[in-house]
Amino acid sequence: MDDIKRIVDEVTQKIRSANIEILENIKSEYLGKNGVVTKILKSLSHYSVEDRKKVGFEANRVKSVIESGIKERKEVLKKASLAEKMRKEKVDCSSIFYFPFSKGSFHPVLQTIQDMSLVFKSLGFSIAEGPEIETDWYNFKALNIPENHPVKNVTDTFYLNDMRNLLRTHTSPGQVHVMEKQKPPVKVIIPGRVYRNESSDASHSSTFHQIEGLRVDKDVTFLDLKAVLTKFIHSFFCRGLNLRFRPSYFQFTEPSAEVDIQCLFCKGRGCSLCKNSGWIEMLGCGMVHPNVLKAVNYDSEIYTGYAFGIGVERVAMFKYKIDDIRLFYENDLRFLKQF
Amino acid sequence: MRLSYNWLKRFIDFDFNPQELASILTSIGIETSVVSSKCCWSGVVTAKVLDVQKHPYADKLYLCKVSDGLKDYSIICGAKNVSSGQVVPLAKIGAVLPGGIKIKKSKIRGIYSEGMICSKEELGLEKKSDGILILDKNTEVGVVLENALDEIDSVLEAEITLNRGDCLSYLGIAREIGAKIRKTLSIPAIKTFDVQDLNCIEVKSDLCRRYIGVLISGVKIGTSPLWIANVLEKSGIRPINNVVDAANYVMIELGQPLHVFDITKLESKKVVIRNAADCETIAALNGKEYKLDADMIVIADDKKPVAIAGVMGGEYSCIDEKTETVFLEIAIFDAGSIRKTSKKLNLSSDSSYRFERGLSWDIAEFASWRAANLIVELAGGLVKARKDLQTVKYERTNIVLRLERVSKILGYNVKEDEIAEILRFLSVDLQQKKGGIILCTIPSWRNDIKIEVDLVEEIARIKGYDNILPVVPSPEKHDACVYTSNNSFLPCIVEEFRNKLNGLGFSEVLNYSFLEAGELKKFNLEYFYKIANPLLKENEVLRPSLLPALYKNLLLNIGYGCERIALFEYGKIFTGSGEKKTFAVIMCGRVWQEWWKWVEQKISPKYDFYFGAGIVRNILPSDKFIIAENLNPKSYYHSGKTADIIYREKLVGEFGILNPAITDGIREEVFYFEIDLDSFDSVYGRENPIYKAYSRLPMVKRDISIVADKNLEFSKIDGIIRGVIRSGGILKEYSLFSMYSDGYKLGDNKISYSFRLFYKNDERTLTDEEVNEDINTLLGELYVKLGVKLRE
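Protein chains in written order, with our numbering: chain C, 1 to 339; chain V, 1 to 792.
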């Protein structure tokens, strides 16, 4: 019996410091065919019946102690070796200076349209579109711009060779298309590409994008227009941004306004971006002119509406602090990859 | 329009500084900025010199005692012209002078100076000064210098919208300010008198609505007095001589352009207003010759034109130092005609600018007297004769304004009294009726006010848009729309393309819709739309394909050394069947960037046909898009490396390697893919997948290699294997993992394909025998039908 006790102490001691190899040795030394414990169990017949029971019980206990001891030790060793393996495999995070796959990018102009559309959708606007090749009716006449009006001087138009069709100079003809197709209520935005026949410089491009907005219903007022645009600007830029509505002139709206927002970069103190005025011109808007409603057979005594137009490049330039509109169309990856 | 701030004060009494005035004008629709302010200092006040003594330690310096009325200062001054009793500009300690010079307390030769007495040079008012600036003796002491010095004026730049020609004058701007601050205008006084009729005028064109001619004789041409030259210069007009300056001044004062010429230079003493003859020419005052046509109006004598009506005078009738008899013209021409003339001749002037925007019947009359008075005042002489010819009867605009309409449009109630007050200050004649109706007679200079809603704008504008407070839109009011179910401005499938390609490292580009016609030749493309009036060659035609511009983008990026170019674009192309939404991808170079890890593993794949096709396959949203042989490849593709995309038996797109003849000079192959979104429902997005039950048992994999004839299309082999898969046996999937042709090993015209076959029985584990049997059946079928053998 003392033997058994001694064996337990001895084995426990050995297991505690053993490595995998030694553990295997211990296992065979004690529990193998000729192992110490196996021997005891085999020799049980030499004992008296009384002792046999006692010794048998103890020997079996020792056997299970050794077995579980080895198992536990193995777990410990496994954990330790895994930890060691991971320690050895540690990467140098500071060396991940570039990746095998380059990052993709979305064009800042289309992305701005997507972002703005999302805000307008949350304000209940649907999305419509119109053709880029237009007729004089849609681009001018239906929008209350008569022949020979000086406004045609300003928005120089690209005419196609047939001289009948032209490239739309604004997204406003989309208003006419929408209203021709349906009766009020109307509440849409019309994003798209527009064209002006002018030479390009840092702030002018012959091709650019606009988002048109139109809402016509009973009881739509100038106050609603102010409210919806204020909400848009606060959602798109930042809450509480100062903005001002300034009277302006567009043929297809009356009253007309332009909306300026406080310069985000100098917080209105004046900087080169806002030409020291503290304000950035953001969009044009107004109440739909009765002549426009008349052109699409809407009764302007019953229905009123508002419309607005936002220059997308302008917004993107301001948002991303881009100083030359031509960069958008150069498609240099060193520019594109920044977005 | 440029305005002198000080001069504006002559017409309306206000006490805003230039900056405040600019923001008030901006708030009522005249966007104004202060362009130049001569005052570029701060902290300079007027002060009286009380005592002047020689500096004890310096011969050329003076020690002055100066007072700003509150305190005495000890100032050291080097100017010889300083003496006691003078009022001078004093830059106190802390003042900033032009160039950012800050005045500090400083010791000069042992004595402290508490500021500086300034010269005009030091104030930036002139280039070189001889001594300090001495102000008028009666100037108040202790006031800021800019308020004491009359020559300190600010120039304002006001942007006048197209509809407001009436604001292109001091009086017009002053009237707007008056309406805003509810103050009455000071209108210059005129003297009218009876003179004899001027009978030499003949109006032959009905594009001339009104023509007033005034004959002034005995004038003496000379330079203008300083005040008029100053105002003109500040308003951006070059002074010429007293008569011309008087006419120009009246134009900027009242907004009515005037023309003066020397009538004695005319060949006949007759002044005819007529349409020009085609090809008639005139040498204009700017020294250039212009060719006219029958749509233009001219002022002429019997023989030739003396002026392009409303645009510019002619050279030969111009006023010079010998002129004694002046013909003064005040006219109203058809605005559209002047605009067309100015545009056609590419010639605009201060005069045409105003004519284009429309003039006032009443102001024309007033201006004729004002100018006649002024010419006589400045150049002497006598008004000899006058004639007022009218080809139309002028009618005033009357508008009924319903008060209820004001709040219906603005969403905001403005009281009747306030409405009436605003309109009156805008010179609208009112008759207030019962039932919320006001009868309005519009002043003749406001030809922009035509209908009721124009008056509503006037009310809102003067009241101030910012004084109409916004409310938060209420949701129930804002979902009352039915129009489209479009989710995005981009078609759904484009959203999917964009997102997937972005994840694969592609960049989105946007190109102009225009191309030079010559750019198409390289690709053997034809344009369908040509621009009639392009300013630039690059705007010549509308793109019939996205390819030329994308290829240009590619070259640009290769040019600066980019090794991996993968771009995509969504946009409209313009084809024989109109504008079409198109999506295209171009790629070239390394699939992945060069990376140490790839280098280690010797991996450096380049974009080629198969990789490109894989990407196309990957981004297409469903298996309904079938890749098929391109039977009729466009010449810009490599004839052997291109394929079609078929959707519901319709050709919707193409892809392939660009023809090496085009990409000559680029080391790598260029892959291009274009899909026409209009040829299928572009709202089309991801298909709704239907779940199919699948077995949870593992797959058995087997690899086989076969040898086929090179000219046997792979699709035939693929068809047979897919047929077996479709038949519902134990073969479930296969993949092609190797493909090679090696004449030495395989024999000429042979190609080897290696497949991995995936077997599975849905109910139980498969045995080797079952799988082998199935493979043999497949190989048998391939051999019998296509002559394809198992590779030895």
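Honestly, the hints are just simulated from the structure, not real lab data. Heads up, a few of these hints could be off.
[To be verified] Residues of chain V placed beyond 10 Å of chain C at every Cβ, according to the derived structure:
#1 R164
#2 K650
#3 N772
[Claimed, not checked] Derived coverage of chain C by chain V (criterion: at least 3 residues anywhere in the stretch with Cβ under 8 Å from a Cβ of chain V; other residues may be distant):
#4 26-33
#5 104-115
#6 130-142
#7 190-202
#8 205-219
#9 239-251
All figures in this text were calculated on a predicted structure; none of them were measured in a lab. Even glycine gets a Cβ: it sits at the ideal position worked out from N, Cα and C.
The hints, checked one at a time:
1. R164: Contrary to the label, R164(V) does not stay out of reach of chain C, its closest Cβ about 7 Å off (not over 10 Å).
2. K650: The claim stands: K650(V) keeps its Cβ more than 10 Å from every Cβ of chain C (closest is about 23 Å).
3. N772: N772(V) is indeed farther than 10 Å from all Cβ atoms of chain C, at 41 Å.
4. 26-33: Violated: only 0 residues of the stretch 26-33 of chain C have a Cβ under 8 Å from chain V.
5. 104-115: holds (count 8)
6. 130-142: holds (count 3)
7. 190-202: Since 7 is at least three, the answer is holds.
8. 205-219: holds (count 5)
9. 239-251: holds (count 6)
Hint compliance for this structure: hints 1 and 4 are broken, all remaining hints hold.
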